[in-house]
Amino acid sequence: MSEFTPKMDGIVEAEIERTTGPWREAWRNFRKSKVAVAGMVIILFFVLLAIFGPFIAKEGINQQMPADRLQPPSAEYWLGTDDFGRDILSRIIHGARISLSVGFLSVIASVVVGSFLGIIAGYYGRWTDTIISRIFDIMLAFPSILLAIAIVSVLGPGLENALIAIAIINVPNFGRLIRSKVLSIKEDEYIMAAKAIGMKDARILFSHILPNSMAPVIVQGTLAVATAILEAAALGFLGLGAQAPQPEWGKMLADSKSYLQSAPWTMIFPGLSIMLTVLGFNLMGDGLRDALDPKMKN
Amino acid sequence: MSTTPLLKVENLKKYFPVKKGMFGKTVGYVKAVDDVSFFVNEGETLGIVGESGCGKSTTGRVLMRLLEPTDGQIEFDGKDLASLSQEEMRKTRRDIQMVFQDPYASLNPRHTIGKILEEPLIVHGVSDAKERKKKVREFLEIVGLNAYHAKRYPHQFSGGQRQRIGIARALMTNPKLIIADEPVSALDVSIQAQVLNLMQDLQKEFNLTYIFIAHDLGVVRHISDRVAVMYLGKMVEVADSEQLYGKPLHPYTQALLSAVPVPDPDYQKEQIIIEGDIPNPADPPTGCTFHTRCPFKMDICTKVTPQLAEQTNGHSVACHLYTTQVDNDIKQLEGSL
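One line per chain: the protein sequences are C and W, in this order. With this note's numbering, the residue at position 285 of the first sequence is 285, and numbering never jumps. With this note's numbering, the residue at position 180 of the second sequence is 180, and numbering never jumps.
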């Protein structure tokens, strides 16, 4: 079609042309997968809930109504009430904020630290690599939840400390991922070319190697948010994470476990929230992997 | 063309240690570049040819200190590159640039062409963004692309176009020397000619000096003023292009040249076929490394390593066939027959 347009000069064509960067292309691939988009919708729903929910559900999350203890779902209490007569819906909405921020913040922290360590280990190799990799190996030798419990017991129970613990246990996963990616990228000719141009190491690392090794990290990061939410819930359930009045989902499960038979809604809805959020992140992570995997490209 | 050497390489060596076992004990060395000496005059093109694995690409990379030389001097423009600090070397790289073999791998897929071309300028301290952009457009036109291509990404170009971009990138800092590491071997033959002609035009325009590494003798002949032939990490013959192609001295060069196809179906020529494979560079043959495959092998070849020695004006060869001592030996042998 363009051969019929008279070429006055380059500008005409330049305006028509849309630049298709690698990220834009990935987004186009991502949109094709219905399942991935469904995952993203679930996540968006909970994110919006976390941001705007507290304005919608204004009634106090910790407001106890002893007269309405353990009420089943009704027009007044959509998801019922718990053993203190607190509205479960309000608590779940506020819990979304806690769970999502724990998930995102801990993953962001471990991605930043893990990427930095991984990129240094992968690029410089030799003893730097040996030291960093062995530390990762040691950390990975422990079951992650056990390590998290150990870290929380040292730092003391609480939501912030749970977040820190979850961030720490995820560092080696990202570190190893980035390291292996850097190992392959640093042999690519454009890295050689960057060196030949006379670029400094820092520029090569952060402007060339890092952006090119981000794709698997984004995938892993999305999936890790799901795990982090689960881990936070697990720590909350064990009483090591969120403390008493905080409406954290895992904590809510733990508090209501004795009412499983008499008032199942007290457990079902927090559990369902955890499940849906984790499912959303997993679906989106899978979709991202398909969209970003270089092997799927031509 | 002036005749001052811009680059003078003496006794350059690059050994890669071979490590084995749990503790990485060094059990030997691969002599990728073994005692190589040559020079390149300003404004000329030196072709380096050889089979794959002969060390020609390694030579190019060692010259730029992308690989650290094991030993030797690299005198460039009055400085010994081999003894510069990393930081000094980094700054010197604006005068020596490189064009890479694989145009698909040598451009960062996540950067636009504009960014790729701008980067050498940023790195070497051209701070004015407007000026950089202007220069990017200018050089895109110079290598035969359009200024608006700056907005595109590498995957939107063909191999030949990408190689033009690679060449433009090498030109951005106004270098004196360009090391081209098999710049056309990944391209179609028709595109090869275009890129070679572009390189020749640029050489005239910017008074560039090239080191042109290739395995295709036809391509090298087209572009080179002088040609060096490498075999197993050593230079076996260096001569003016015409002399080397007209009157090759080293048996290896003769064999290589006889393998070049001639565009005439009726032309019958004697083809020298060298047998066997290139020996393992970790365990090279004693004496002359070529003796395992040489049709003119003599006793001395297995024992003494021949040195590169000038035979006629500017034509050097490392072969016992041309050393006087051997001449005498042969005469003696002939006499006794």
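Check the hints yourself; a few may be wrong.
As the list claims (entries may be wrong) - DSSO-like mimics (lysine-lysine), calculated; alpha carbons at most 27 Å apart, straight line:
#: 1; chain 1: W; residue 1: Lys91; chain 2: C; residue 2: Lys200
#: 2; chain 1: W; residue 1: Lys115; chain 2: W; residue 2: Lys176
#: 3; chain 1: W; residue 1: Lys20; chain 2: W; residue 2: Lys79
#: 4; chain 1: W; residue 1: Lys130; chain 2: W; residue 2: Lys151
#: 5; chain 1: W; residue 1: Lys19; chain 2: W; residue 2: Lys79
#: 6; chain 1: C; residue 1: Lys200; chain 2: W; residue 2: Lys13
#: 7; chain 1: W; residue 1: Lys303; chain 2: C; residue 2: Lys200
#: 8; chain 1: C; residue 1: Lys186; chain 2: W; residue 2: Lys91
#: 9; chain 1: W; residue 1: Lys25; chain 2: C; residue 2: Lys200
#: 10; chain 1: W; residue 1: Lys115; chain 2: W; residue 2: Lys130
#: 11; chain 1: C; residue 1: Lys200; chain 2: W; residue 2: Lys176
#: 12; chain 1: W; residue 1: Lys247; chain 2: W; residue 2: Lys79
#: 13; chain 1: C; residue 1: Lys200; chain 2: C; residue 2: Lys186
#: 14; chain 1: W; residue 1: Lys8; chain 2: W; residue 2: Lys91
#: 15; chain 1: W; residue 1: Lys20; chain 2: C; residue 2: Lys200
#: 16; chain 1: W; residue 1: Lys25; chain 2: W; residue 2: Lys91
#: 17; chain 1: C; residue 1: Lys186; chain 2: W; residue 2: Lys130
#: 18; chain 1: W; residue 1: Lys133; chain 2: W; residue 2: Lys204
#: 19; chain 1: W; residue 1: Lys135; chain 2: W; residue 2: Lys204
#: 20; chain 1: C; residue 1: Lys186; chain 2: W; residue 2: Lys151
#: 21; chain 1: C; residue 1: Lys200; chain 2: W; residue 2: Lys204
#: 22; chain 1: C; residue 1: Lys200; chain 2: W; residue 2: Lys135
#: 23; chain 1: W; residue 1: Lys134; chain 2: W; residue 2: Lys13
#: 24; chain 1: W; residue 1: Lys8; chain 2: C; residue 2: Lys186
#: 25; chain 1: C; residue 1: Lys200; chain 2: W; residue 2: Lys79
#: 26; chain 1: W; residue 1: Lys19; chain 2: W; residue 2: Lys91
#: 27; chain 1: W; residue 1: Lys134; chain 2: C; residue 2: Lys186
#: 28; chain 1: W; residue 1: Lys134; chain 2: W; residue 2: Lys176
#: 29; chain 1: W; residue 1: Lys204; chain 2: W; residue 2: Lys91
#: 30; chain 1: W; residue 1: Lys151; chain 2: W; residue 2: Lys134
#: 31; chain 1: C; residue 1: Lys186; chain 2: W; residue 2: Lys25
#: 32; chain 1: W; residue 1: Lys204; chain 2: W; residue 2: Lys176
#: 33; chain 1: W; residue 1: Lys204; chain 2: C; residue 2: Lys186
#: 34; chain 1: W; residue 1: Lys133; chain 2: C; residue 2: Lys200
#: 35; chain 1: W; residue 1: Lys8; chain 2: W; residue 2: Lys20
#: 36; chain 1: W; residue 1: Lys115; chain 2: W; residue 2: Lys8
#: 37; chain 1: W; residue 1: Lys8; chain 2: W; residue 2: Lys25
#: 38; chain 1: W; residue 1: Lys8; chain 2: W; residue 2: Lys130
#: 39; chain 1: W; residue 1: Lys8; chain 2: W; residue 2: Lys19
FYI, nobody ran anything at the bench for these hints, they're computed from the structure. Values in this document were obtained by computation on a predicted structure and should not be read as measured data.
Hints, one by one, checked against the model:
Distance hint between Lys91/W and Lys200/C is fulfilled; the C-alpha atoms sit about 10 Å from each other, no more than 27 Å. A distance of roughly 23 Å separates the Cα atoms of Lys115/W and Lys176/W; the hinted pair therefore holds under the 27 Å criterion. Pair hint Lys20/W plus Lys79/W does not hold up; C-alpha atoms about 37 Å apart against a cutoff of 27 Å. As the CA atoms of Lys130/W and Lys151/W are separated by approximately 15 Å, the hinted pair is consistent with the 27 Å bound.
About 34 Å separates the Cα atoms of Lys19/W and Lys79/W, which puts this hinted pair outside 27 Å; it is violated. Distance hint between Lys200/C and Lys13/W is fulfilled; the C-alpha atoms sit about 26 Å from each other, no more than 27 Å. The suggested pairing of Lys303/W with Lys200/C is violated, with an alpha-carbon distance near 47 Å, which exceeds 27 Å. For the hint pairing Lys186/C with Lys91/W, the CA-to-CA distance comes to about 21 Å; that is within 27 Å, so the pair holds.
At most 27 Å may separate the alpha-carbon atoms for a hinted pair to count; Lys25/W and Lys200/C exceed this at roughly 32 Å. Restraint check for Lys115/W and Lys130/W: the C-alpha separation of about 13 Å stays at or below 27 Å, so the hint holds. Of the supplied pair hints, the one linking Lys200/C and Lys176/W holds, its CA atoms being roughly 21 Å apart against a limit of 27 Å. For the given pair, Lys247/W sits about 35 Å from Lys79/W by alpha-carbon distance, which is inconsistent with the 27 Å threshold.
With a CA separation close to 14 Å, the supplied pair Lys200/C and Lys186/C stays within the 27 Å bound. This hinted pair checks out: Lys8/W and Lys91/W have alpha carbons roughly 19 Å apart, not beyond 27 Å. Only pairs whose Cα atoms come within 27 Å are accepted, and Lys20/W paired with Lys200/C is rejected, the gap being roughly 32 Å. Between Lys25/W and Lys91/W, the direct Cα distance comes to roughly 35 Å. Violation of the 27 Å bound is thereby established for this hinted pair.
The hinted pair formed by Lys186/C and Lys130/W fails the criterion: a straight-line CA distance of about 31 Å is larger than 27 Å. Between Lys133/W and Lys204/W, the direct Cα distance comes to roughly 24 Å. Compliance with the 27 Å bound is thereby established for this hinted pair. For the suggested pair Lys135/W and Lys204/W, the alpha carbons sit about 19 Å apart, so the restraint of at most 27 Å is met. Between Lys186/C and Lys151/W, the direct Cα distance comes to roughly 25 Å. Compliance with the 27 Å bound is thereby established for this hinted pair.
Restraint check for Lys200/C and Lys204/W: not satisfied, since their Cα atoms lie roughly 31 Å apart, outside the 27 Å limit. For the suggested pair Lys200/C and Lys135/W, the alpha carbons sit about 22 Å apart, so the restraint of at most 27 Å is met. Restraint check for Lys134/W and Lys13/W: not satisfied, since their Cα atoms lie roughly 41 Å apart, outside the 27 Å limit. Taking the CA atoms of Lys8/W and Lys186/C, the gap is near 30 Å; set against the 27 Å cutoff, the hint is violated.
Simply put, Lys200/C and Lys79/W have alpha-carbon atoms about 21 Å apart, close enough for the 27 Å limit, and the pair holds. At most 27 Å may separate the alpha-carbon atoms for a hinted pair to count; Lys19/W and Lys91/W exceed this at roughly 33 Å. Proximity of Lys134/W to Lys186/C is assessed by CA-CA distance (about 31 Å); at most 27 Å being required, the pair is judged violated. Proposed proximity of Lys134/W and Lys176/W is supported: the alpha carbons are some 21 Å apart, at most 27 Å.
Of the supplied pair hints, the one linking Lys204/W and Lys91/W holds, its CA atoms being roughly 25 Å apart against a limit of 27 Å. Under the criterion of a C-alpha separation no larger than 27 Å, the hint pairing Lys151/W with Lys134/W is consistent with the structure, at around 13 Å. Of the pairs offered as hints, the one joining Lys186/C and Lys25/W holds, with about 25 Å between alpha carbons and a cut-off of 27 Å not exceeded. Simply put, Lys204/W and Lys176/W have alpha-carbon atoms about 12 Å apart, close enough for the 27 Å limit, and the pair holds.
Annotation: proposed proximity of Lys204/W to Lys186/C is violated, straight-line Cα distance about 35 Å (limit 27 Å). In summary, the hint linking Lys133/W to Lys200/C is supported, as the alpha carbons are separated by about 21 Å, within the 27 Å threshold. Restraint check for Lys8/W and Lys20/W: the C-alpha separation of about 36 Å exceeds 27 Å, so the hint is violated. At most 27 Å may separate the alpha-carbon atoms for a hinted pair to count; Lys115/W and Lys8/W exceed this at roughly 34 Å.
Annotation: proposed proximity of Lys8/W to Lys25/W is violated, straight-line Cα distance about 35 Å (limit 27 Å). Taken as a hint, the Lys8/W and Lys130/W pair is broken in the structure, with Cα atoms around 38 Å apart against an allowance of 27 Å. For the suggested pair Lys8/W and Lys19/W, the alpha carbons sit about 32 Å apart, so the restraint of at most 27 Å is broken.
Checked against the numbered hints given earlier, the structure breaks hints 3, 5, 7, 9, 12, 15, 16, 17, 21, 23, 24, 26, 27, 33, 35, 36, 37, 38 and 39 and satisfies all the rest.
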